[in-house]
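**Student:** Chains as they are written, first to last, in the working numbering: chain A, 1 to 145; chain B, 1 to 572.
Just so you know, the hints here were simulated from the structure itself, not pulled from any lab data. Please note that a few of the clues may not be correct.
Unchecked claim - Covered by chain B, per the in silico footprint, the following chain A stretches (three or more residues, Cβ under 8 Å):
#1 21-30
#2 33-44
#3 125-134
C-beta atoms are modelled at their ideal positions from N, C-alpha and C, and glycine is treated no differently.
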Amino acid sequence: MEDKAGVEFVPSIVGFLCNWCTYAAADLAGSSKFALPPSFTVIRVMCSSRIDHNLLLSTYFKGADGILVAGCHPGDCHYGEGNYYARRRFALLKKVMETLNLDPERLQLSWVSASEGKRYAEVVGEFTEKIKELGPNPIKNSTRF
Amino acid sequence: MKEFEMREAGQDKNLRAKVGVYICECGPNIAGKVDLDKIIADLSQLDDYQDVELVVKKYGFLCSGPGKEFLEEEIRSNGYTHLVVGACSPRDHDSTFMGVCKKTDLNPYLYRIINIREHCTWVIDDKEKATEKAFSYIRGGISRVLRQSELFEKPLDINPDVLVIGGGIAGMEAALSLSGEDRRVFLVEKTDHLGGISLDLSGLLPGQGEIIKNKIDSVTEDKNIRLFLNTSVETVIGFLGNFEIELVSIENAETTDIMAGAIVVATGSSLFDPGESAHLSYSESDEVYTSLSVEKMFSGEGEARLRSGKKPSSVALIHCVGREEKNYCSGICCSYMMKLAGFFRNQSPDIQVTEFYRDLCLPQKDDQERYTEAEAAGVEFVRIKDISIKGTEVSFEKMNSKKSEQSFDMVVLAPAIVPSADTEELADLLTVPLDESGFFQEVHKMTNPVGTSTDGVFIVGTAHGPKGVSDSMQFARASAGQILTRLIPGEKLIPEVKVTEILEAYCTGCGNCLDVCVYGAIYSDDSRGISVVNEAVCRGCGNCYGSCPSGALRTKHFTNTQLYREVDEALR
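Let's have the full structure, built from the sequences with the hints guiding it.
**Tutor:** What follows is the structure, given as structure tokens:
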């Protein structure tokens, strides 16, 4: 997507990755030298369950074009059940965003295990493409918030 | 945000912060992919903070011996208040550089590693873009490290003694492995004798009966092992290194309090009751036996006879009893049923042995050989879709849907291995979850099958799931190995530092966090009406954070201030 001046839209995407699975997958993607978009910034947390609604909504309102939360596959959580909680909270947040007329499509939850470096690169690549399609987060220029 | 906040750092507001920023060249891995000099120049000119002094340098390999010495000397001579290392993944070298900090006065939690190799130079080909990204990551790291707080390790004294629950083969093996290394062991067994189910299996292998008897003698005579027969565990509180346990005698309800640093659960399993299956009528008076009763006949009398005293001339061995109901394969039945077929053939060479199975599971190293031998010797293997038994009349449907009936002198059932009766109660006591099949849940199937989510509680033998004698013993030794390396007499244990804390002023005592904590690390302080974190048990996952309606929780080293700074920097 390009704006009127013909400049390519480079989205700002924040990825909250759990330390044990997806962060390790990101490392593996790195050591495998898979190309990743520079527009993606990693924030490491210990568990996907630490990511609460306020943090995600703040990131959205601060103008992130896309937000990825990624952790261990269900049943594989380093802390036993953290990702189940993350999943439930995420589903709820998406509903809340719909109600508030925010774009839930800009949020994505994915499961990427420590061995899935390739999958990590695919998830990040595909999500970035999707956000490029959606264009800039309109909240950036909004005065509502 | 130009004004530097020292509040988060918990330090004197007037103290000027001095941040050392060291970028590792990592050979060509970083230096060859970005313009390091530009990054250093740009960072040095950063005017984000008025009262923060930045010192930015690069070095060849910071993780090398000379690299660490260089860094240590730099921290000392420059008197940094904070340190940022732009290098590789924290999974590789976070602990390396924390170790360097620990040698100096710099608190290791006022340092941060920034992963510009895996997340930048290795994945972004365009040098200009990679340089920009690396700069942005490091700038973010500086911003975050300034909001980090000093954290302090609180070493705890430990008790190196071990409680083993269950005196079967796995429990005895664990106790002997530990006592062999001079650990004191409390071995608790609810029956009046040691040995468990293995006593009935003494016909398994030549000499195995002796092995088990010798083990029982060794345990009984061992001065390091204090044996409690007819005893069960009443209460357990505590954590790795410090458990307080109350034992109660089943005979006279007398209680004994003991202290231990770790707990090994070796409570074994029981067998699926074939009576529960709709397809089977099960009664020994009808000459239908479980594999265990037949094992007992062979191990006791040396032979298996019918109730009339005659030797059977035909026997049906029914595998997979209860597999449909339980929805898992017990994994050892195929192997021991072939062993029983061998016993029957030794007893009467002309006997007709038919094995009915749904799937053959032959995981042990000589199983395949045993199967080939049995088949060559005339044992018939029939793969079935469905089966029903009335007395010794066996009706079955083969895989090709052909239905048949056959009558036998004797029928032997291989019931699924199921959790023992008191598993649920014990799991509650130990706050260890159960898996879908009702066995104790391990930390990880592959990487840590003996550990549980309650650190310090280990599961061995068939309490963990169906397995044979040798696997049970291996699990027991594995648990002993973990205990011996983690609880060392005289050494202290350092619990997780990045734990959650609850701010009393905000806590309403609603208890949401208690409910979501997998580790049972939060308890309710009724007198103060709040919830409190037991820092020795908390692992710092942060799951409780999202459950708190009043914002009373603070996840150390991953605080809101810190994470929000990272977000701001990412979106800058």
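**Student:** Against chain B, does the stretch 21-30 of chain A show at least 3 residues with beta-carbon separation below 8 Å?
**Tutor:** With 6 residues close enough to chain B, the hint holds.
**Student:** Can you take a look at whether the stretch 125-134 of chain A is actually covered by chain B? Rule is 3+ residues, C-beta closer than 8 Å.
**Tutor:** violated (count 0)
**Student:** Three residues or more, CB to CB closer than 8 Å: is that satisfied between the stretch 33-44 of chain A and chain B?
**Tutor:** holds (count 9)
When the structure is compared with the earlier hints, a violation turns up for hint 3 alone.
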